[in-house]
Amino acid sequence: MSSSSTAVRELQRDLENKANDLSKLQKDIAKNHQVRKKYTIQLGENELVLKELDLLNEDANVYKLIGPVLVKQDLAEANANVRKRIEYISAELKRLDASLQDLEEKQYSKREAILKVQQRIQSHQAGKAKA
Amino acid sequence: MASSRGGGQQVMRMGDMEKMSLEQLKAVKEQADVDVNLLQDSLNNIRTATARLRLLHSSTTFLRQGKKMLVPLTASLYVPGTLDDADKVLVDIGTGYFVEKTMAEGKDYCERKINLLKSNFDQLVEVASKKKTLADEAGVILQAKLKQLSPSN
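So the sequence lines, in the order shown, correspond to chains Y and X.
Residues in the first sequence are numbered from 1 upward in steps of one, following the numbering used here.
Residues in the second sequence are numbered from 1 upward in steps of one, following the numbering used here.
Next up, chain X with everything else stripped away, as it sits in the complex (with noise of 0.2 Å):
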């Protein structure tokens, strides 16, 4: 079963669906919901960064020099503090790396990053939607399939 994973179910057709077997009809169906739910993670997952970049854009517009702050020392406690340096930032790059950029490259970053995940965002609701007519499908003709064997039951 792990191998019947990825590309072979797309190109599967209604027609195809028609002559299979109740039992495969069922497991292309759990196959695609498994997939869809997938999907919808990553979707979620995707959603969730942008929100995060869009805030760190933001609040690279009122960093300003002398900016009084209460910065975190633990999760409870917070002790006041200004901001010293208001031109350079360290970005995360990723994988252990970090960048000083100043302010100007460090939103211009953000931007960069979420317009990234905007297109990936795009393509995987393409995908997304595909599975989830594929997956409809498969529901809809197993329910028509088993309809028509209950009453010779």
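Looking at chain Y on its own, in the form it has when it is part of the complex (with noise of 0.2 Å):
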């Protein structure tokens, strides 16, 4: 009798972990979220920059804010700065499609673990009630 009361006491115990687990897990889903929405609209004005600088003269003034000030820089440099970031938040943003992918996974199985411990514990209970 009491060692089955020790033993629902474990599996509480474990459920509790393993629902923080989870509450975290989804912690790190809804930041995934949020980081991937900034990436993904820098990406577009980047884009949008991307495609002006496309359609510009060769000889056009080309200016880049830094803090307050207008320097002035060449049109290709500043093309392939552009470039060079959408490269780099495309990548990020695949590297978050993995991870974002990875952390369901883990939430699905987090999950179904509870279910389990849960059902366990009523079993457990059930057998108490009938003894």
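By construction, these hints were calculated from the structure, which means they are not laboratory data.
Incorrect hints may have been included.
Here are a few chain Y residues that face chain X, going by a calculated C-beta distance under 8 Å [claimed, not checked]:
1. Ile41
2. Glu45
3. Asn46
4. Glu52
5. Leu56
6. Ala60
7. Tyr63
8. Lys64
9. Leu65
10. Val69
11. Leu70
12. Ala78
13. Ile121
14. Gln125
Taking lysine-lysine pairs in the DSSO-like style, the calculated list, with each CA pair at most 30 Å apart, reads [to be verified]:
15. Y:Lys18 <-> X:Lys26
16. Y:Lys128 <-> Y:Lys116
17. X:Lys19 <-> Y:Lys116
What follows is a list of derived Cβ distance ranges for each label pair [unchecked claim]:
18. X:Asp136 <-> Y:Ser99: 34 to 42 Å
19. Y:Gln26 <-> X:Gly81: 50 to 58 Å
20. X:Leu38 <-> Y:Ser5: 47 to 55 Å
21. X:Ser59 <-> Y:Ser109: 58 to 66 Å
The beta carbon of each residue, even a glycine, is placed where N, CA and C say it ideally should be.
Two independent chains are provided; combine them into the complex using the hints.
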């Protein structure tokens, strides 16, 4: 009798730990969504800039805002910079996608594990009620 | 819940919603309402951006050399000045890049941006109205189910 109640207590502790893990995973997923939104917006803006730069003449004057001052920049250099940034952001988005998938798989398996523990607790309690 | 955002719900049909439980329906309705609000916000943002571009576009027509104006030094202090160079404008194209353009090119830039925003706006309106009908349908079915349940209680 007492051994079964300690087992239930053990399971409940286990359940609590798993629930904490799950909420942590969910927080991570929400964070991932937020960061991804930020990067997507930046990617869109950079693509607009690149389109605009592509439309310019070779001899157009391009300036970059650095702090409060406008610094003159080569069109080719600006173009390369924007391209590099788009590359970086795309890579970052891909990385975020991979980690999101990983997190969602983890979340799913955690849920399964929690369900199993809950079932075991229930069967323990049902057995106790019978006894 | 977070993972169910996006595509999945758009393929939902009336028949599917009839079969859903009350909780599911409620969730669908709430999600659709949230989406509708988000889209409405985006539409408003596009509207204000277009208005600003229109203003810029019209201001390119009356900027002439020697034009007298008041230049803001702070939000409440303006000093008189005259426009020295009316051919060249500096256009902010985003992410900190500025490009020197002639007045005509600047005007062209405004027109292009307005057209881009307009096409985005039209696309968004379509998505928003679809979402709205989905939300309304979910609301109607939810009401009907609640009515069905209440007399038996």
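Q. Per the CB criterion, is glutamate 52 of chain Y less than 8 Å away from chain X?
A. Check passed: Cβ of glutamate 52 of chain Y comes within 4 Å of chain X, closer than 8 Å.
(Q) 50 to 58 Å was suggested as the range; check whether the CB atoms of glutamine 26 of chain Y and glycine 81 of chain X agree with it. (A) holds, 57 Å
Q: Go through the hint on alanine 60 of chain Y and say holds or violated, using the shortest Cβ distance to chain X against 8 Å.
A: Result: holds, 6 Å to nearest chain X Cβ.
Q) Should the interface hint for glutamate 45 of chain Y be scored as holding, given a Cβ-Cβ cut-off of 8 Å against chain X? A) holds, 5 Å
Q | Per-residue hint verdict: isoleucine 121 of chain Y, partner chain X, C-beta under 8 Å | A | Violated - the Cβ of isoleucine 121 of chain Y stays beyond 8 Å from chain X, reaching only about 24 Å at its closest.
Q. Do the alpha carbons of lysine 18 of chain Y and lysine 26 of chain X lie within 30 Å of each other, as the hint requires?
A. holds, 28 Å
Q: Grab the minimum C-beta distance from alanine 78 of chain Y to chain X and call the hint holds if it beats 8 Å, violated otherwise.
A: holds, 6 Å
Q. Regarding the hint that leucine 65 of chain Y lies at the interface with chain X, is the smallest CB-CB distance below 8 Å?
A. holds, 4 Å
Q) Going by Cβ atoms only, is leucine 56 of chain Y closer than 8 Å to chain X? A) Since the shortest Cβ distance to chain X is 6 Å, the answer is holds.
Q. Quick one, is the valine 69 of chain Y hint okay against chain X at 8 Å, beta carbons?
A. violated, 11 Å
Q | Agreement of hint glutamine 125 of chain Y with chain X interface, Cβ distance less than 8 Å | A | Violated, because the Cβ-Cβ distance from glutamine 125 of chain Y to chain X comes to roughly 26 Å (cut-off 8 Å).
Q: With chain X as the partner, please determine if asparagine 46 of chain Y meets the hint condition of a C-beta pair closer than 8 Å.
A: Holds, because the Cβ-Cβ distance from asparagine 46 of chain Y to chain X comes to roughly 6 Å (cut-off 8 Å).
The structure fails to meet hints 1, 10, 13 and 14 from the earlier list, while all remaining hints are met.
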